[in-house]
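Hey, can you work out the whole structure from these sequences and the hints?
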Amino acid sequence: MKCPYNTKSETTIQNFNQKYNDEGNPNNSKSVTQTVYELMDCEKENCGAWQNGKCCYAK
Numbered sequence: 001m002k003c004p005y006n007t008k009s010e011t012t013i014q015n016f017n018q019k020y021n022d023e024g025n026p027n028n029s030k031s032v033t034q035t036v037y038e039l040m041d042c043e044k045e046n047c048g049a050w051q052n053g054k055c056c057y058a059k
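Sequential numbering of the sequence shown, starting at 1, is according to the numbering used here.
Calculated from the structure, these hints are not laboratory results.
Treat the hints with care, since some could be wrong.
Said to hold, decoys possible - With a cut-off of at most 20 Å between alpha-carbon atoms, the simulated SDA-like pairs for lysine to any residue come out as follows:
| hint | residue 1 | residue 2 |
| --- | --- | --- |
| 1 | K44 | Y5 |
| 2 | K19 | V32 |
| 3 | K2 | A58 |
| 4 | K54 | D41 |
| 5 | K2 | Y57 |
| 6 | K54 | E43 |
| 7 | K30 | D41 |
See below:
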């Protein structure tokens, strides 16, 4: 079971593209940012949100 609230790692990928017209001036640009999270395994009994055999975090 993975914990939906605690991340093991976070990776951010950024990409920027720019197009130029015939005179060499920029006329179009695009920027994309993507963040990927790797979730931690559930700590179960070691977590304060674990109660009565289940996760009770922020319900």
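Quick rundown of the hints versus the structure:
Of the pairs offered as hints, the one joining K44 and Y5 holds, with about 13 Å between alpha carbons and a cut-off of 20 Å not exceeded. For the given pair, K19 sits about 15 Å from V32 by alpha-carbon distance, which is consistent with the 20 Å threshold. Under the criterion of a C-alpha separation no larger than 20 Å, the hint pairing K2 with A58 is consistent with the structure, at around 16 Å. A distance of roughly 14 Å separates the Cα atoms of K54 and D41; the hinted pair therefore holds under the 20 Å criterion.
With a C-alpha separation of about 13 Å, the suggested pairing of K2 with Y57 holds against the 20 Å cut-off. This hinted pair checks out: K54 and E43 have alpha carbons roughly 11 Å apart, not beyond 20 Å. Restraint check: the Cα-Cα separation between K30 and D41 comes to about 36 Å, which exceeds 20 Å; the hinted pair is violated.
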